[in-house]
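Asks: Here is what each chain is made of, one letter per residue.
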Amino acid sequence: MPRVELLDAETAPLSAQQYFSGGDPGPIVAALATVPELLGPALGFVGPALGAGAVGVRIKEFAILRTSALQGCSYCINAHTTVSLDVGLTGHEVRALRGETALEEAFVLAAERAMIGWIDALAGATGAIPDDVWAEARAHWAEHELVEVAVTVGATMFLNRFATGLQLPTSPQVLERLTAEGLS
Amino acid sequence: MTAAQGPIADAVRDGTLPGRVWLYSNYHCNLACSYCLTESSPRSERRELTAAQMIAVAEQAKELGFTALGITGGEPFLLPWLPEAVLEMVQHLPLVLLNNGTLFVGERLERAAKLAHPGIALQISLDSHLPDINDMARGPDNFSKVVESVPRLLERGVQVRIATTTAGPLDSPALDPLKALVASWGVPADDHIVRPIVRRGRADERGLGVQAIARDIPSELCITADGAFWGSFGPTVRNGRLDTDLLLTRTILPLAVPANALLAAIGGMPQGADAALGIR
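Protein chains in written order, with my numbering: chain C, 1 to 184; chain X, 185 to 464.
Derived from the structure by calculation, the hints contain no laboratory data.
Do not rely on the hints blindly, as some may be mistaken.
To be verified - If the Cβ cut is set under 10 Å, some of the chain X residues that face chain C in the computed set are:
#1 D427
#2 T428
#3 L430
#4 L432
#5 V441
#6 A448
No residue lacks a Cβ here, since even glycine has one placed at the ideal position from N, Cα and C.
Please build the complete structure, drawing on both the sequences and the hints.
Replies: Encoded structure:
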């Protein structure tokens, strides 16, 4: 059960109604709508931060799914397991990013391993990030690409804590898909 | 004194934005009227604004370019600090103070008498010249308390307006005796407001009043402890739950935040039927 009321098309504030006009916008929007002045700015940040950007959807889903797994956010893990499959990640890769199997077996490209190292250092630890992690990432990726992924990790961590703290529910459709894919 | 500058002041000047800012000082009330928008009663959660918040709203409303204030509730006079706060607020903008007129006895009457000020009007609710009819909606002895209070306030120099909420036509001849009663107190006809029941809050639960959507409700900025709303008919309560459909922002201060949100919401909104429905 969510900890807050999830607004719908009837109860959504005036300034949030545009997000409900196309149907159920999902629990993140439905919860954010209770503070309507934050809805637009939050989505305005999260949308581009989680979108394809310059590094592309595959790397973005590395960042989102891996961060969600490291933060233990079941809502985001479930949602982005399906998104990751939709953008072409394999079940093997998804399991590895979720921490269920070894990364080394799923990802053989040095660039992708370096990016996952950067993501892990951002999302899975506190304090300073070792120079060798940065150097390895920079050996394969441009500065702006690592900046972009850092923003994605930060936006994902916001969503992780938001969804976990408010106990946002995974939709039945997502749960059915996960079961069908053997990834529930 | 220089006129306020900025988009809010411009919108008020050109009529895009109504000049009055409403404040719900509190939600609890000594009455439990049948058509109450906020389900107010003695048992209601108080949800009070503080005096400091209300004074800050008044000060910032003036700075932004609003031209008037309105205070409503609940019953504002249940707040012991209210008269003193109102006297500070009126240093910034003129205001109308809605109340049920049932509490003006003894010390409360003398404290209300301090509100004899050209910038303050007390708007008291009275729905019928027939005590039984009035009291059916507003509670036992309401009529007698109001007809005793109004002359007492007028004698003390307090400006009084009367508000009548009706389920019938706004121009019904059945209201003529009430209008005559109000006139007999020396209250000008323009200060006797007749308005429909709006079908929100308890009125909606009971199927009373006129249906109104956002654009039918005057787009006055309304400040409450729960946030800022589109119109004084916005922050209604239904089955104990606050309606959020007309919520603008949870932020109430600085007042520019909800004021700008209201201005943005008005943009593109087609003209409503508030004038035709008589909602005010």
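Asks: Indicate, hint by hint, whether the structure satisfies it.
Replies: Hints and how they fare:
no.: 1; hint: D427; verdict: 7 Å, holds
no.: 2; hint: T428; verdict: 5 Å, holds
no.: 3; hint: L430; verdict: 6 Å, holds
no.: 4; hint: L432; verdict: 7 Å, holds
no.: 5; hint: V441; verdict: 7 Å, holds
no.: 6; hint: A448; verdict: 7 Å, holds
No hint from the list above goes unmet by this structure.
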